[in-house]
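As they're listed, the protein sequences go chains S and E.
Numbering follows the working numbering, in which position 4 of the first sequence is assigned residue number 4; successive positions increment by one, without gaps.
Numbering follows the working numbering, in which position 74 of the second sequence is assigned residue number 74; successive positions increment by one, without gaps.
These aren't lab readings, by the way, just hints derived from the structure by calculation.
Beta carbons: idealized from backbone N, C-alpha and C, even for Gly.
Hints are supplied without guarantee of correctness; some may be wrong.
[Claimed, not checked] With a straight-line Cα cutoff of 30 angstroms, these simulated DSS-like cross-link-like pairs (lysine-lysine) come out: (1) K102/E with K71/S; (2) K114/E with K49/E; (3) K69/E with K14/S; (4) K83/S with K114/E; (5) K102/E with K58/E; (6) K9/S with K69/E; (7) K9/S with K57/S; (8) K83/S with K14/S; (9) K114/E with K95/S; (10) K57/S with K58/E; (11) K9/S with K49/E; (12) K77/E with K49/E; (13) K70/S with K95/S; (14) K57/S with K114/E; (15) K102/E with K9/S; (16) K71/S with K69/E; (17) K95/S with K14/S; (18) K57/S with K102/E.
[What the hints assert, rightly or not] A few chain E positions that, by computed beta-carbon distances, are all more than 10 angstroms from chain S: (19) T20; (20) K69; (21) T72; (22) T100; (23) L103.
[What the hints assert, rightly or not] Examples of chain S residues lying across from chain E (beta carbon under 7 angstroms, computed): (24) G3; (25) L27; (26) A31; (27) G42; (28) A61; (29) A81; (30) L90; (31) E102; (32) T103; (33) G107; (34) L115.
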Amino acid sequence: DGGITQSPKYLFRKEGQNVTLSCEQNLNHDAMYWYRQDPGQGLRLIYYSQIVNDFQKGDIAEGYSVSREKKESFPLTVTSAQKNPTAFYLCASSKRVGTGGETQYFGPGTRLLVL
Amino acid sequence: AQSVAQPEDQVNVAEGNPLTVKCTYSVSGNPYLFWYVQYPNRGLQFLLKYITGDNLVKGSYGFEAEFNKSQTSFHLKKPSALVSDSALYFCAVRLLSGNTGKLIFGQGTTLQVKP
């Protein structure tokens with residue numbers, strides 16, 4: 001988990017509320033990723049960013065939004081449009097894609113629960 | 001469709017015995033292959049990866065994995081299991097096309113090592 005921090009560790013969301021999950025890395029990585037983990041389903045990609053001020057949708061982007069204003073930060077907002085947000089959210093980062101065999105390193109995760 | 005399969009939800013092994021966690025993949029081309037481990041309520045920790053070269057890859061904590069192109073498999077192995085190896089293990093494939101860095105994960109295998 002070293003080098004990537006996520007906060008908070010636990011987050012509670014009320015109906016109709018937007019919440020933002022923080023992800024910060026000090027590894028000087030260009031690329032950052034957000035994954036959602038549900039029991040028995042592995043990890044699914046929500047959004048990714050290969051460079052500052054640019055990001056792309058992953059496989060399950062609906063109901064989520066991101067920004068990449070700084071190299072070290074990649075916050076994820078879970079909007080009210082996400083009807084089933086309860087999950088474990090993992091942020092990851094890697095060296096610039098294309099340099100060969102880039103390993104993604106993960107943060108400790110944020111568990112989101114709906115009240 | 002491109003996918004990664006971990007055919008066993010759970011693997012049980014006695015401490016000191018060898019262990020194998022299976023992974024097969026179905027992707028076009030020659031992908032990069034990864035193994036990660038996850039302890040409860042924690043992020044994923046990188047164990048090892050295969051990019052090219054020797055089919056037997058050695059990684060952290062005494063783990064190794066064997067790449068078999070003809071069987072499209074990348075099984076994780078350890079000669080002598082420890083109780084502390086008990087965790088959730090994920091196999092992942094990075095697609096080389098599109099240059100996105102996207103990983104496709106298997107659904108995970110729980111390893112239980114009993115004293």
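For each hint, the structure was consulted:
{"no.": "1", "hint": "K102/E with K71/S", "result": "holds (19 angstroms)"}
{"no.": "2", "hint": "K114/E with K49/E", "result": "holds (27 angstroms)"}
{"no.": "3", "hint": "K69/E with K14/S", "result": "violated (48 angstroms)"}
{"no.": "4", "hint": "K83/S with K114/E", "result": "violated (40 angstroms)"}
{"no.": "5", "hint": "K102/E with K58/E", "result": "holds (23 angstroms)"}
{"no.": "6", "hint": "K9/S with K69/E", "result": "violated (40 angstroms)"}
{"no.": "7", "hint": "K9/S with K57/S", "result": "holds (24 angstroms)"}
{"no.": "8", "hint": "K83/S with K14/S", "result": "holds (11 angstroms)"}
{"no.": "9", "hint": "K114/E with K95/S", "result": "violated (38 angstroms)"}
{"no.": "10", "hint": "K57/S with K58/E", "result": "violated (34 angstroms)"}
{"no.": "11", "hint": "K9/S with K49/E", "result": "holds (28 angstroms)"}
{"no.": "12", "hint": "K77/E with K49/E", "result": "holds (13 angstroms)"}
{"no.": "13", "hint": "K70/S with K95/S", "result": "holds (15 angstroms)"}
{"no.": "14", "hint": "K57/S with K114/E", "result": "violated (42 angstroms)"}
{"no.": "15", "hint": "K102/E with K9/S", "result": "holds (25 angstroms)"}
{"no.": "16", "hint": "K71/S with K69/E", "result": "violated (37 angstroms)"}
{"no.": "17", "hint": "K95/S with K14/S", "result": "violated (36 angstroms)"}
{"no.": "18", "hint": "K57/S with K102/E", "result": "holds (11 angstroms)"}
{"no.": "19", "hint": "T20", "result": "holds (19 angstroms)"}
{"no.": "20", "hint": "K69", "result": "holds (17 angstroms)"}
{"no.": "21", "hint": "T72", "result": "holds (18 angstroms)"}
{"no.": "22", "hint": "T100", "result": "violated (7 angstroms)"}
{"no.": "23", "hint": "L103", "result": "violated (6 angstroms)"}
{"no.": "24", "hint": "G3", "result": "violated (11 angstroms)"}
{"no.": "25", "hint": "L27", "result": "violated (13 angstroms)"}
{"no.": "26", "hint": "A31", "result": "holds (5 angstroms)"}
{"no.": "27", "hint": "G42", "result": "holds (4 angstroms)"}
{"no.": "28", "hint": "A61", "result": "violated (13 angstroms)"}
{"no.": "29", "hint": "A81", "result": "violated (23 angstroms)"}
{"no.": "30", "hint": "L90", "result": "holds (6 angstroms)"}
{"no.": "31", "hint": "E102", "result": "holds (6 angstroms)"}
{"no.": "32", "hint": "T103", "result": "holds (6 angstroms)"}
{"no.": "33", "hint": "G107", "result": "holds (5 angstroms)"}
{"no.": "34", "hint": "L115", "result": "violated (20 angstroms)"}
In terms of the numbered hints stated before, the structure departs from hints 3, 4, 6, 9, 10, 14, 16, 17, 22, 23, 24, 25, 28, 29, 34, listed from lowest to highest.
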